[in-house]
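The listed protein sequences correspond, in order, to chains A and B.
For the first sequence, UniProt numbering assigns the number 288 to the last residue and increments by one with no breaks.
For the second sequence, UniProt numbering assigns the number 292 to the last residue and increments by one with no breaks.
In short, the hints are calculated from the structure, not lab data.
Hints are not guaranteed to be accurate.
Simulated pairs of lysine-lysine, DSSO-like, Cα-Cα distance not exceeding 27 angstroms [claimed, not checked]:
hint, chain 1, residue 1, chain 2, residue 2
1, B, K106, A, K15
2, B, K108, A, K16
3, B, K106, A, K16
4, B, K278, B, K209
5, B, K108, A, K15
6, B, K209, B, K57
Just a sample of chain B residues kept apart from chain A, beta carbon distances all over 10 angstroms, derived [stated by the list, open to error]:
hint, residue
7, E61
8, V149
9, F164
10, G193
11, L212
12, G239
13, L240
14, Y285
Derived Cβ-Cβ restraints for the label pairs, each shown as a range [claimed, not checked]:
hint, chain 1, residue 1, chain 2, residue 2, range
15, B, F119, A, M14, 20 to 30 angstroms
16, B, L205, A, S137, 53 to 63 angstroms
17, A, R65, B, A40, 30 to 40 angstroms
18, A, L139, B, A33, 18 to 28 angstroms
19, B, Q179, A, S43, 21 to 31 angstroms
20, B, L205, A, R65, 51 to 61 angstroms
21, B, R76, A, G56, 37 to 47 angstroms
22, A, Y98, B, L280, 20 to 30 angstroms
23, B, A33, A, W279, 28 to 38 angstroms
24, A, M14, B, Q198, 21 to 31 angstroms
25, B, L140, A, I180, 51 to 61 angstroms
26, A, K16, B, S142, 43 to 53 angstroms
Ideal placement from N, C-alpha and C gives every residue a C-beta, glycine not left out.
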Amino acid sequence: MTSIPVSSRAGWQMKKPSIIPGFGLTLGFSLAYLALIILIPLSALILRTTSLGWSGFWAVATDLRTIRALETSFGTSFVAALINVVFGVIVAWVLVRYRFPGRRFVDAIVDLPFALPTAVAGIALTALYAPNGWIGSLLAPLGVRIAFTKLGIIVALVFIGLPFVVRTVQPIMEEISREIEEAAATLGASRFQTIWRVLLPGLQPAILTGFALAFARAVGEYGSVIFIAGNTPYQTEIAPLLIVIRLEEYDYAGATAVATIMLIIAFMMLFIINLIQAWSRRRYGYGA
Amino acid sequence: MAPNPVKVRRRAGQPPRHSAVTESPGARLGLMAIAFAFLALFLLLPLVSVFVEAFRKGAGEYIASLVEPDALAAIRLTLTVAAIAVPLNLVFGVAAAWAIAKFEFKGKAFLTTLIDLPFSISPVISGLVFVLLFGAQSVLGSWLRSHGVEILFAVPGIVLATIFVTFPFVARELIPLMQEQGTGDEEAALSLGANGWQTFWYVTLPNIKWGLLYGTLLCNARAMGEFGAVSVVSGHIRGLTNTMPLHVEILYNEYNFVAAFAVASLLALLALVTLVLKSLLEMRYSAELAAS
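Bound-form chain B, shown alone (with noise of 0.2 angstroms):
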């Protein structure tokens, strides 16, 4: 497969202002007129309205929104869930990844197929499943409770359902990059005497490390942002099983909009971050990316 043929064409000189092949100036500026009031009205506005909405009494309202110990707890819980579903997933992803994309076996289709499965999975669903698993009226369910494991309405079954639906970000970030580099480099590693580890943190750690990076922020941010698995095994329990999400869902639904707002402004900055740096990236490292 040859390295990224699109980045490259989209370099390539533009045409003519107006030729045969481009369309007449009105009907550009038409479509980019189309485009551009689409893209505002369904995607910049409603971004814009997130802090114009938790400003709306001011900063002082804002901060004391932030610093309230719900909304602290909150935070608190929803950063402890993506330090624990995050770094498992990468893990699983590398681990994947290196089996799929440097060995030929059969049903490698299928597993790739099967890690794939979460995206495409109602999130609301994700999180029943677990329900089903751990909750009172399953065997395993009440076996865990009498032996005073509680994973249902508690962290641990927030941190599943997280772990759930932000399964495949970095296995499928991984799997074609790796793919596409093939397994010269770890060969050549290889036979100059190097070791299995010392061929993964030297030769191919290296190759990969923006990808991973790559997979690893979109896993974040999802891990962070996640809705409705986690509504659904999470309980509501103000101040102990509530993530950021789920305590602007419990402020909105209390009319308290200032303190919504501000709350989901910092979950907004987060996905605001997350694009950043993906676009930082997909500008630097093009093609150290998986073209896709």
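The following block holds chain A by itself, in its conformation from the complex (with noise of 0.2 angstroms):
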């Protein structure tokens, strides 16, 4: 038995034997490059945001203009994870149930907005929306501004947000057992009945990951919401453009106490909705 003598404590094993080389180097390897890389970077933020004090953190905090970027960004977030759930679960059931041709470039246009750079969506989305763009054209006449307001904010989320909800909920989708389906039906359900009742509460906890990724996707999106924001500050400024302002202004300070707040914020509504995805699995869930 060989065991790495990492601890003191008699018994303690820091890995289990294994007969397969290679252990120290690519685990010394993958800590050095994640420190180096990662931690160490993350925590110049840290030290930085506890140098501030708790007055100085305390006045970036509660400045009107951090509030309002802060309320823009967590609420378009917010409304524009919603519509990725209503529209992307009606996508991943045509995907996932229906037969047609093209199905297939269907299923992979999906992850364009993986693959394409935020700022090419966004200066596409600003083009198309714009008073004298395709769409912001056919709307102007209603009255309807789309670019540069907060229902832009909202398009250029929608469109970065998508993949996260189909992808997530696609697989699960295609677990389903027909046989739910075909019970719910003899038992008199009828078809709306069976997905409304049936199908969906049990995807519920893969509907509420692929919320909560394009949520927080969302409330750190820069590069597609910049160009069709208009970015006035207190109306349509968002948290991360705030930080860039701060930085460009050479106030330090500023900018890492906004981006604690984001930080915090974003891993307190995380962690709430894990606990709610762990009640939800509990709840209704397949398997595990």
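With the hints as a guide, bring both chains together as one complex.
Below you can see the structure in the form of structure tokens.
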């Protein structure tokens, strides 16, 4: 039995014995690289925040412009993630259940937001939804403005969030066994009742995960939003943009404080969503 | 774990056209119409508009915007950054997946979580951490500057920020794949007398090559397209520290739309190539990719 003498506690083993070589090398390299690229830079952020002091931090956190930017970011992200859940589930359903020509193409195009650089998406959406754009010019006579308003931010966030919902829900949908639906149908449920009361509750954990992923991504999104947002302080300014503006003003303390608040709120929301998910998985979920 | 039950079931026979477990044809058409309209409006139309806008003033103008020196410098920088960042993350991904998938050790779950960390951090914050670390106000930054090393507003900073945001891609693809494959093949090779390096090269690598390619493809697409993190650390010096996405932004803000969309169309082509290769890999080698 070989055990790596890391701990002095008797009987405590760092790793289970194995004949496969390379543990020390690969883990050592991974940890060193992780520390160098991720952990040390991130600790610079934490150090910088603690050096602000509570009063300095509080001053930035309660600044009206910060609050408005955070409200804009989290509010638009929430709405966009909701829209993504509705349409993402429909898209996933169509892809899983129906066979039609070009299905592979439609399936592949869902990943476009993963592959298309955000700046490209940003200028393309702006060109479409601006008052003189293809879609914007159709909506302008109706008095609807999308680009340079909060609606524009939502459009950009819907774009980047969609694949998160589809790709989380799709594999679980494929696993639904037909017997459940047949049982519901034999017991007299209409098709709508079967979907609404039997299938969707089982998909709930996956839908929540997709929502959480789309939401988390939307909150931090920058490239696709800044072109279409208009970026008016107190109105259409998102929190990541405020960080960039503070940096350009050499206000490192301000930038750090906004970043820290964003990280704290984002982690809190993910934690809450994880709890809801664990609960809903126990109550409805398929398998584990 | 059974290898990929999902894909097997997808190929199973279709249910009859209309039965108790399918929607009525009307509902089916309606749902398909909603899905297609949504995808067309939000995904397809923006993609098409990139190319339409790029060619608005004809092919001559399009080409001229691409061969202009600043655009060429941006293309060169983007390729350079990806050429450094992607191989580094690839080596890390393989090493981390080997350690995590082939061994049982304490703190494994925590390590896996840490690897995913960059995905849950805003790109802007990913850039910010390097500004705080290497900026003029930091001890490290001023020390490096006094020794003539420029990180921020220079290529090294751009490379670091790109590595940060693309950090998880390869590892995240390989870890579940190698966990699923287990250690049986490697143990057999070792017991037959292969050394560790031979085992990796002749046994493990052939097993993971498509997954590795898949992860690298996604990593590369993100590395070349990253905007937020790079924008914070680059300093936007034309011809020097402007990557392609940053060049697109500058042109767009100067109302030089044709040139902006011309450069953007190259990035859109990259995205299309990535999607095609990705779909091909998923179609051909779905069993050899991680079941996600």
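_Enumerated hints in conflict with the structure, sorted upward_ = 6, 9
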